[in-house]
Amino acid sequence: MKKHLFIAAFTIAVFTYAQAPYNVSLMNLSSHTAVKDSIGDNGFKFEALTTGINSKYSDYGSGLFMDKFISFSSRKIGAIAKKDPVTGEPYTKLYCSDIKENWDLSRPLLFSRVLNKNENLGTVTFTQDGNTMFFTKNVEGNTQMYQLYKAVMNPEKIGEWINIEPLPVNSTSYSIENPHLNKSGDMLYFSSNMPGSQGYDIYKMAVNEDGTYGEALPIEGLINTEMDEKYPHLSVDEKFLFFSSTGHDNLGGYDVFKSRRTKKGYVTILNLGNTINTERDEIAFVPATERIGYITSNKSGGEGSYDIYRITEYVLSQSVAGKALDFETGLPLANVSVKLYDTDGTEVGNAITNEKGEYIFPISSFEYYTLVSDKEGFFKGSTIFNTDNVTPLYDADVTLKARPAEIVITEEKSYIKIDNIQFDYDSAKIKDVSTITLNTVVETLNNNPEINIALNAHTDFRGNDNYNYRLSNRRAASAMEYLISKGISKDRLQSEGFGEKRPLIDCNPCTEAQHEANRRIEFIILESTN
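Each residue of the sequence shown is one higher than the one before, counting from 0 in numbering that gives the first Met the number 0.
Worth flagging that the hints you see were computed from the coordinates, not collected in a lab.
Values in this document were obtained by computation on a predicted structure and should not be read as measured data.
For every residue, glycine included, the Cβ atom is placed at its ideal position computed from N, Cα and C.
Honestly, I wouldn't trust all of these hints.
[Unchecked claim] Have a look at the derived ranges for each label pair, beta carbon to beta carbon:
1) Glu449 x Glu515: 17 to 23 Å
2) Asn419 x Lys355: 17 to 23 Å
3) Glu346 x Arg402: 22 to 28 Å
4) Lys182 x Val347: 17 to 23 Å
5) Gly462 x Asp431: 48 to 54 Å
6) Glu515 x Glu442: 29 to 35 Å
7) Ser318 x Glu449: 15 to 21 Å
8) Gly300 x Asn101: 51 to 57 Å
9) Pro361 x Pro194: 44 to 50 Å
10) Asn130 x Thr345: 49 to 55 Å
11) Lys262 x Pro361: 22 to 28 Å
12) Thr345 x Glu449: 30 to 36 Å
13) Lys44 x Ser318: 17 to 23 Å
[Stated by the list, open to error] The calculated lysine-lysine pairs, modelled on PhoX-like cross-linking and capped at a C-alpha distance of 25 Å, are:
14) Lys149 x Lys67
15) Lys156 x Lys116
16) Lys116 x Lys55
Can you make the complete structure from the sequences, with help from the hints?
What follows is the structure, encoded as structure tokens:
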């Protein structure tokens, strides 16, 4: 499939995903879900496989810590395990697993005996150096309401977490859950049903270097709905936010979505489709690479109430290709700089068009791109387009309009400054692309009727002197005939050939580029009739 693009403004498609609460087994999902009968795969192709760590209890994915996968689970430890009086299952505790070469997970081990007590622990997130963590723990006396805590690694005892303290955003009147920290460690995302929320919404809060925190603010854009949005998690490149939601268009329960970050916030939401989402709950999407990640679901066929799955996305290879064209003639332009910018305005591609005016870039799905073309003697051109995830090749031509020729006046001479008029070797035939340049001379002469010009033609050093002299005269006459064909009076024009006697570059031997520079026509202003 190939899409043809024109200069226009488009909207980008983005994706997000959500998560279920820890006590999802208690929820009446049908009353909290905006269900759509059919969504299809939405262009996404996922394969979901079990990870080898699931139990007959509830297992939830949380995130990555160094080379480990962190989960929380109500699996039973020992013969006697204290149970959550509400769910009837053992309290959820934090576990860690090694990530195998095939991305399966090793048998989970308790993450921390200091943290794992008789209370429900949930999602955890870490700074990039692994020395600080933020985690979820239930409010004392209420196992279904949560707060966020911070802990730091004991520098004298690796693996021991100390200085555990609650975050100031906590309250006993509402729940704060699902922390996720960006790579730079200065922004913490979480979900909450705090006052002002519509159900559970996703918030963000600045984490300052001095240990203080900014105000908790709803995430910008259209992610939050009157339903529940949970489990925020940034993509590996941090361009997208994944989350789970019972709102938006979904298949039932919590579906995983993703959304592209823009300057206006997260404005377009995309369901990841039915190869990953079901009519049950899909929550806690954890990307490990651009194509591989983990998800938690209570879909049928699992080992316990909730299970962790390893997912692989089959990504379509996509490209954008096209030509740089002259606006007036439609002729292809060589040596045009074409740059590709993404949604954030970041340059992600840079190419120079070939002799046929062609360029090509690899691109990503669900991006909003701008192509900017630039060439000396032309105004910049731009083309805007957006991508889906099912089109392998986009055809996007860029057009440039020639700038008016410049009149240059020096002590020695006055002339019309233009790009070189190109001829093939040993030929007086003007190349098609040079008609673009000659058209700017026509425009200049029409705008300045008092100007008369001499067309002085020159050759390179190849060939004998007499032959080059005759060739240069034919070339000067050829250019003059073109101007006359465009309505310029013959009385305003003179043509003369100088052969190889007046080189622009005196070289021996000469490169092909030097030969081409010497092979030229100059447009000298003769006189003013005013």
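Cβ separation of Glu346 and Arg402, checked against the hinted range 22 to 28 Å = About 24 Å separates the Cβ atoms of Glu346 and Arg402, which means 22 to 28 Å holds.
Could you check the hint for me, namely that Gly462 and Asp431 are 48 to 54 Å apart, CB to CB?
-> violated, 24 Å
For the pair supplied as a hint, Lys156 and Lys116, confirm whether the alpha-carbon distance does not exceed 25 Å.
-> It holds: about 20 Å lies between the C-alpha atoms, which stays within 25 Å.
Taking 22 to 28 Å as the hint, is the beta-carbon distance of Lys262 and Pro361 inside that range?
-> holds, 24 Å
For the pair supplied as a hint, Lys116 and Lys55, confirm whether the alpha-carbon distance does not exceed 25 Å.
-> With Cα atoms ~21 Å apart, Lys116 and Lys55 stay inside 25 Å; holds.
So the hint says 15 to 21 Å: do the beta-carbon atoms of Ser318 and Glu449 match that?
-> Given about 51 Å between the Cβ atoms, the range is violated.
If you check the beta carbons of Gly300 and Asn101, does the distance land in 51 to 57 Å?
-> violated, 21 Å
Taking 29 to 35 Å as the hint, is the beta-carbon distance of Glu515 and Glu442 inside that range?
-> violated, 25 Å
Per the hint of 17 to 23 Å, is the separation of the Cβ atoms of Glu449 and Glu515 within bounds?
-> violated, 33 Å
Range hint compliance [Cβ, Lys44 to Ser318, 17 to 23 Å] | holds, 19 Å
In this structure, is the beta-carbon distance linking Asn130 and Thr345 contained in 49 to 55 Å?
-> Given range 49 to 55 Å: violated, Cβ gap about 30 Å.
Please test the hint of 44 to 50 Å on the beta carbon pair from Pro361 and Pro194.
-> Distance hint for Pro361, Pro194 holds at roughly 46 Å.
The structure shown violates the earlier hints numbered 1, 5, 6, 7, 8, 10 and 12.
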